[in-house]
Amino acid sequence: MPIGPIFRAMTHNRTRVLLIILEIAFTLAIVTNCVNMIVDERSKMMKQSGFDDDNLLFLRSAPFAPEFREQQYILNHVDSDLRVLRAIPGVKSAVNTNFIPWQGGGSSTTVKIAGSKDVPVRSQVYYNKGDLFGTLGTKLIEGRDFVPNDFDYDQVNGNPKVVIVSKKLAELLFKTPHVIGRQIDDGQAVYTIVGVLDPFYNPYGWPIHEYVFFGPSTVGSFARGTRFLIRVEPGAMKSTIAAIESAMTKSNSGRVLTMTPIDEIKSNFFSGGRLVMKAMTAVIALLVFVTALGIIGITSLSVSERTKQIGTRRALGATRRNILTHFILENWMVTTAGLVLGIAATYGLNFLLVTHVSGVKMDWRYVAVGMVLLWVNGLIATIPPAMRGASVSPAVATRSV
Amino acid sequence: MLLYNIRIAAKSLRRNPYMTALLLAAIALGICVSTTFTTLRHAFAKDPLPGKSSKVFYVRMDNWDPAQPYPGDDPKSLPPQISYADMRELMKSTIPTRQTALFISRLFITPDPKVAKPYQENVRLAFSDFFTMFDVPFQYGSGWDRKADAKPEAVVVIDDATNKKLFAGANSVGKTLRIDDRVFKVVGVLAPWRPTVRYYDLNGGAVNAPEAIYLPLNFTPLMQIRSGGNSDGWRNYTINSFEEFLKAADIDWIQFWVELPTPEKQQAYRDFIDNYVRDQKKHGRFERPLNNRVTNLMETIGDFKVVLPQLSAMAAVSVLFLAVCSLNLVGLLLGKFLARAPEVSVRRALGASRGQVFLQHIVECEVVGIIGGALGMLLSFGVLKFLTKVLPGSIPIQIDGTMILSAVFLSLVAGFVAGVYPAWRICTMPPAIQLKLQ
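Heads up: the sequence lines are chains U and P, in that order. Each residue of the first sequence is one higher than the last, beginning at 1 in my numbering. Each residue of the second sequence is one higher than the last, beginning at 402 in my numbering.
Read the hints as simulated data drawn from the structure, not as lab findings. Ideal placement from N, C-alpha and C gives every residue a C-beta, glycine not left out. Hints should not be assumed to be uniformly reliable.
[As the list claims (entries may be wrong)] With the Cβ distance kept under 8 Å, some of the chain P side facing chain U (calculated, not the full set): (1) 430; (2) 469; (3) 521; (4) 576; (5) 711; (6) 724; (7) 725; (8) 732.
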């Protein structure tokens, strides 16, 4: 391969070579960093809650009828609501709870092992009455669910005696998931653990996404209304919503009902991330296109500038193949130089983004894939102008010297 | 001379429409992508209260658990809101020229049954200074006055959408509205108002729309209004009544803003806050090290991380994209100009100076820059309009004067940067060789 002459020929066209090198370097830096961000967003979205998100429905009942001002009335009404809900065809199970998945928040407190001097750790905390496990679709890996006895305490002013914790919280506190019978303390009261659930994942403003404990309690007040999670038969979401609306209104019309599928809440939660992914993908596609155009433009220029030299080489016996090889090899060398510079630019940009903006460290595999992509892109972009160069007739050399 | 050069440039651009299209496309694409993403970021990062934001201050005090700091990345992080009890004390200060406590709630609106069914609505509880402090725009009437705060008078301010829904958009000042179990008199109707960032409350939903209903905050104890927003606490209270809840001095759910027009007042107010906390320490509260923050509006927006880091990253990447487009342009212009060497040589031989040739070519680049930039802006308008639709909660993204100016500036810079080397090459080319070749 005539590397030497090609290299010497390039030194006569330093600007062009430099332009392509810079362009390729920038492109590699941008493409790999975009891919890195896309993958980061994607991994957040792929995180499983452990619940049957597709078939979950959130129902909020906001009362305005005066009888609901009586707290005990609200609490009693929850039981009848649960009965009404379960009787609706299409409803698999229902639970009264203040836990709503994928809101990006919820309620939290701090807990420690009862009697210990540990610094309390932060955990999500929710209350529920009804079939929590059957509704969420998560599993009770140890112990038992709440039984009617667990609700026998003053629910307006008192505290429950038992809780169910997530496996992750159990491991955080006790370094083991086998915690049935152990006790935790949230500063208000001491609770005995009767069950361990797993999996549980609910993204929170603080890094406590997998720590939770549930207490047995009916949840509702006049100011905040009562909330239910309902699991419907697969595919029956739409028809079930209508059935719930009419059945619940029939049972008591002194309230406003709003229903939101958890799917919708989840999709809202990720809409920002989805937008970032789409925008980044668009930028990558446009950039690769623009770079290809740039390579075509500059190579065409270099071909048309060297028409005479090509003619001379052809007249001296070079085959079309030789000319084609020359241009492709030349471009390959330039692209490679650009990619080498691009690796530095990639890590440089990644460093700047991570330190000044946010983001995750670059994965070298994306750099490797990006390099292959740009190599191929460069090769494809070189072929049309190089073909044109190869088709220059030797007669050109003898014309108008 | 300039006009002449522009005419030549136009002629040259018309002569090779294919090349011109490529040049324009390169600039337009670069400007479109960079303008779109920088505007998107700017919509969240810009000053929502120009001229006033450095005088409006948000107050935070660290009343958190002595055993551990408020959760956050920063060991000095502190609760984002203050408690109702502390707010009552702070309100006694006469240092601020204006001050307001705020919180959000959801209350039942019971309109005339002929107009609409009862419904729940987002309500902002505020003091009268809220409207003047934050330049809230009115179409009818105004906010209430400090007398109405003190009593409190049963007055209400409603937004444009509520006015359309309940009063058919007419001037409803003087009409009444039933909220929960009380009747309020409408004193003001807001003009349509949707800032990108709900800058007066950055707690949970900083990009939400402003609330529909505004009530005097002193109704809180009378109507037992609870916060519909975040509330943070660490101390364990046994709470049996609403009065006890309001007295719980370490449950934080109130936003507190003060207006301090001069540096002297700002210093005096910081001292006032520190002294208040020191005094409270004597009563066994505020056990953590003294850590108060009185931050102006823009600092507060920074502290609450309103600008998503992904947006900043995309803005940075988009500017690099423009750089790649400019590099491309250099190559294209180089080819275009060098192909014109014979013509330029004739001009030079006939007496055109290097400067004149350079000017002619750089003007051509700037013409490309401006036309391409304008195309890019138009494209960007379209893309942003689309983005506004797909963004959650229909967050408005306005292109303002600063963004248009910066886009024009960017296109001029891109045109110049891309054109300066090719123009220099063509003007320094010795004419004799080219003439010999013809």
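Holds or violated: the hint that residue 711 (chain P) contacts chain U, with Cβ atoms closer than 8 Å.
holds, 5 Å
Would the hint on residue 724 (chain P) stand, with a C-beta cut-off of 8 Å toward chain U?
holds, 6 Å
Please verify that hint: residue 430 (chain P), Cβ, nearest Cβ of chain U, below 8 Å or not.
holds, 6 Å
Satisfaction of the residue 469 (chain P) interface hint, Cβ to chain U closer than 8 Å
holds, 6 Å
Hint residue 725 (chain P) vs chain U: min CB-CB distance below 8 Å?
Status holds, d = 5 Å.
Less than 8 Å between beta-carbons is the criterion; does residue 521 (chain P) satisfy it with respect to chain U?
holds, 5 Å
Using Cβ atoms only, decide whether residue 732 (chain P) comes closer than 8 Å to chain U, and label the hint accordingly.
holds, 4 Å
Under 8 Å is the threshold here; is the Cβ of residue 576 (chain P) close enough to any Cβ of chain U for the hint to stand?
violated, 21 Å
Violated hint for the displayed structure: number 4, the only one.
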